[in-house]
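Colleague: Sequence:
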Amino acid sequence: MRKIVPRIQREKQIHHDALETPLASWKYDLIFEKALIHHIDDLYACFKEAYRLLQEGGSLIVQDRTPEDCLLEGNSKHIRGYFFSKFPTLIQTEVSRRHSSHKVIQAIEAIGFRHIEEHSFWETRRVYPKFEGLANDLLNRTGRSILHELNDLQLSELIAYIQEQVGNDRQPILEQDRWTIWKAMK
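Residue numbering for the sequence shown follows the numbering used here, starting at 40 and increasing by one per position.
Misleading hints may appear alongside valid ones.
Subject to a maximum C-alpha distance of 16 Å in a straight line, what follows is the list of computed EDC-like cross-link-like pairs (lysine to aspartate or glutamate) [said to hold, decoys possible]:
1. K142 to D80
2. K66 to E88
3. K116 to E214
Pair by pair, the computed Cβ-Cβ distance ranges are [said to hold, decoys possible]:
4. A199 to P106: 24 to 30 Å
5. T132 to Q204: 17 to 23 Å
6. L62 to D191: 37 to 43 Å
7. H55 to S184: 16 to 22 Å
8. I155 to R180: 32 to 38 Å
9. S135 to N190: 45 to 51 Å
10. D81 to E188: 21 to 27 Å
Treat the hints as calculated values from the structure; they're not laboratory data. Glycine included, each C-beta is placed from N, C-alpha and C at the ideal position.
Input sequences plus hints: build the corresponding full structure.
Modeller: This is the structure in structure tokens:
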């Protein structure tokens, strides 16, 4: 019996201007853009570049948060939600840098992608055995650029507020973030 083994190549990660990469056109099977588009004003230019890079039948996967993902109410798993209940002034900052799903889908379609799908899911960010670990991550603003909008005193107030909400070290804290994924084919 003949055994078929798929050939898997290692993925290549690049760090370059997402609107104008030095990569060859029509060469790639998959482009995955995670936590990228909230840093980009011109979605059309971003998706146009992805379209240029993909070979026919290639897939674009975009993973980012919509305003709705970010503004879900805080709970023991969705820590980010507490940022906005404690400091509602952060809401406008967060919403202004996020794209609605409608806007993302519109831009993807306008470039010529087809078979567009949208999915939401919860991703485990980290498990903290004790609150202290979460507090340290928050103090360092690790992976949470929105916290740079707060001064150190406000950040300390936020940490105390979150500790009141989730309680002390009775059980580990499983922190999750909700994301939206858009998948499309060239």
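Colleague: Now, for every hint given, state plainly whether the structure supports it.
Modeller: We went through each hint and held it up to the structure:
1. K142 to D80: holds (11 Å)
2. K66 to E88: holds (12 Å)
3. K116 to E214: holds (5 Å)
4. A199 to P106: 24 to 30 Å: holds (26 Å)
5. T132 to Q204: 17 to 23 Å: holds (21 Å)
6. L62 to D191: 37 to 43 Å: holds (41 Å)
7. H55 to S184: 16 to 22 Å: holds (20 Å)
8. I155 to R180: 32 to 38 Å: holds (34 Å)
9. S135 to N190: 45 to 51 Å: Violated, since S135 and N190 (Cβ atoms, about 20 Å apart) do not stay within the stated range.
10. D81 to E188: 21 to 27 Å: Holds - the Cβ-Cβ distance for D81 and E188, about 23 Å, lies within 21 to 27 Å.
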